[in-house]
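Enquirer: Sequence:
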Amino acid sequence: MEDLVKKKTIRLVSFIYFATALLFLINEIFKINPLLSYFGLLRLILLQILYIYSSSKRNYLFIGVILFVIISNFFFQNKVKSFLVYGLIAYLINRLLSLILVYKTISKKRIIPILIATFPFLFFYLYVIFLIDDFYNLNFLMLISNAVLMSILGGLALSNYYLENNEVSNKNYFLLITIILFVMQNLIFTLQKYYTLEKLFEPINIVLNTSSLYIFYRYIILSEESNNN
Numbered sequence: 000m001e002d003l004v005k006k007k008t009i010r011l012v013s014f015i016y017f018a019t020a021l022l023f024l025i026n027e028i029f030k031i032n033p034l035l036s037y038f039g040l041l042r043l044i045l046l047q048i049l050y051i052y053s054s055s056k057r058n059y060l061f062i063g064v065i066l067f068v069i070i071s072n073f074f075f076q077n078k079v080k081s082f083l084v085y086g087l088i089a090y091l092i093n094r095l096l097s098l099i100l101v102y103k104t105i106s107k108k109r110i111i112p113i114l115i116a117t118f119p120f121l122f123f124y125l126y127v128i129f130l131i132d133d134f135y136n137l138n139f140l141m142l143i144s145n146a147v148l149m150s151i152l153g154g155l156a157l158s159n160y161y162l163e164n165n166e167v168s169n170k171n172y173f174l175l176i177t178i179i180l181f182v183m184q185n186l187i188f189t190l191q192k193y194y195t196l197e198k199l200f201e202p203i204n205i206v207l208n209t210s211s212l213y214i215f216y217r218y219i220i221l222s223e224e225s226n227n228n
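Just so we're aligned: the sequence shown equals residues 0 to 228 in numbering that gives the first Met the number 0.
Hint data in this document are derived by calculation from the structure and do not stem from the laboratory.
Backbone N, C-alpha and C define an ideal beta-carbon position, used for all residues, glycine too.
Be aware that one or more of the hints could be misleading.
As the list claims (entries may be wrong) - With a straight-line Cα cutoff of 27 Å, these simulated DSSO-like cross-link-like pairs (lysine-lysine) come out: (1) 30 / 103; (2) 80 / 198; (3) 6 / 80; (4) 5 / 56; (5) 56 / 7; (6) 5 / 80; (7) 107 / 30; (8) 30 / 198; (9) 108 / 30.
To be verified - Pairwise CB distance ranges, derived in the manner of DEER restraints: (10) 48 / 161: 16 to 24 Å; (11) 103 / 9: 29 to 37 Å; (12) 183 / 44: 21 to 29 Å; (13) 28 / 110: 44 to 52 Å; (14) 2 / 125: 43 to 51 Å; (15) 198 / 37: 17 to 25 Å; (16) 102 / 2: 26 to 34 Å; (17) 144 / 10: 33 to 41 Å; (18) 161 / 224: 40 to 48 Å; (19) 198 / 125: 25 to 33 Å; (20) 125 / 201: 19 to 27 Å; (21) 76 / 169: 33 to 41 Å.
Using the sequences and the hints given, assemble the complete structure.
Expert: Shown next as structure tokens:
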């Protein structure tokens, strides 16, 4: 009975999470009410609550990941240029924690496959970053750091997916999809902030962000369940 109540509660909070994200998306497109812009932060807080409630053994690294997503989103949401640097710092910490978390949760850690799988991601990131005009500034250095972290993350996810059972039902499928969405989100972010295409790409960014974080949450829960078994 207790498990049934927990499952229903998880479904309810998950529904509210996506409903909140949908309202945030609609407001971003049609500019209905400025207060609805805070739904972007609310959905992240809901995801944090969802994980803490769902998890049988809470992983404080994942809690830290979501916390720094909340912080970075707060700074990015405020359209102040100086806040971009603070947002990038929080975003960088988030990616570092994500890398440590993924490294700890995967079982296959072979250096050569990881390096081979990392290079395509790194090449893609560097190609996009070197298109930016502001070549030697703090933001650029942070983007390079983020590119390295995300490339290693991609290498870990891709190599682990192929080294382990790559069935769709496997938790590594969720990790791979998460990283692909993260990469797409990073590309959108770069286009937004450096090529003044925010109005066009922000709705896409919201969809990618909402989806990737929820799938990442599911991956962590599945990892915890497999460890318990």
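Enquirer: Each hint should be assessed against the structure and marked as holding or not.
Expert: So, going through the hints one by one against the coordinates:
1. 30 / 103: Violated, at about 42 Å.
2. 80 / 198: holds (17 Å)
3. 6 / 80: With Cα atoms ~43 Å apart, residue 6 and residue 80 exceed 27 Å; violated.
4. 5 / 56: Roughly 15 Å between the alpha carbons, so the hint for residue 5 and residue 56 holds.
5. 56 / 7: holds (19 Å)
6. 5 / 80: violated (43 Å)
7. 107 / 30: violated (46 Å)
8. 30 / 198: Holds, at roughly 11 Å.
9. 108 / 30: violated (46 Å)
10. 48 / 161: 16 to 24 Å: violated (34 Å)
11. 103 / 9: 29 to 37 Å: Given a distance of about 24 Å, which is not inside 29 to 37 Å, the answer is violated.
12. 183 / 44: 21 to 29 Å: holds (24 Å)
13. 28 / 110: 44 to 52 Å: Because 45 Å falls inside the window, the suggested range holds.
14. 2 / 125: 43 to 51 Å: holds (48 Å)
15. 198 / 37: 17 to 25 Å: holds (19 Å)
16. 102 / 2: 26 to 34 Å: holds (31 Å)
17. 144 / 10: 33 to 41 Å: Taking Cβ atoms as reference, residue 144 and residue 10 lie about 38 Å apart, which means the hint holds.
18. 161 / 224: 40 to 48 Å: violated (22 Å)
19. 198 / 125: 25 to 33 Å: holds (27 Å)
20. 125 / 201: 19 to 27 Å: holds (25 Å)
21. 76 / 169: 33 to 41 Å: holds (35 Å)
In this structure, the hints that do not hold are numbers 1, 3, 6, 7, 9, 10, 11 and 18, in rising order.
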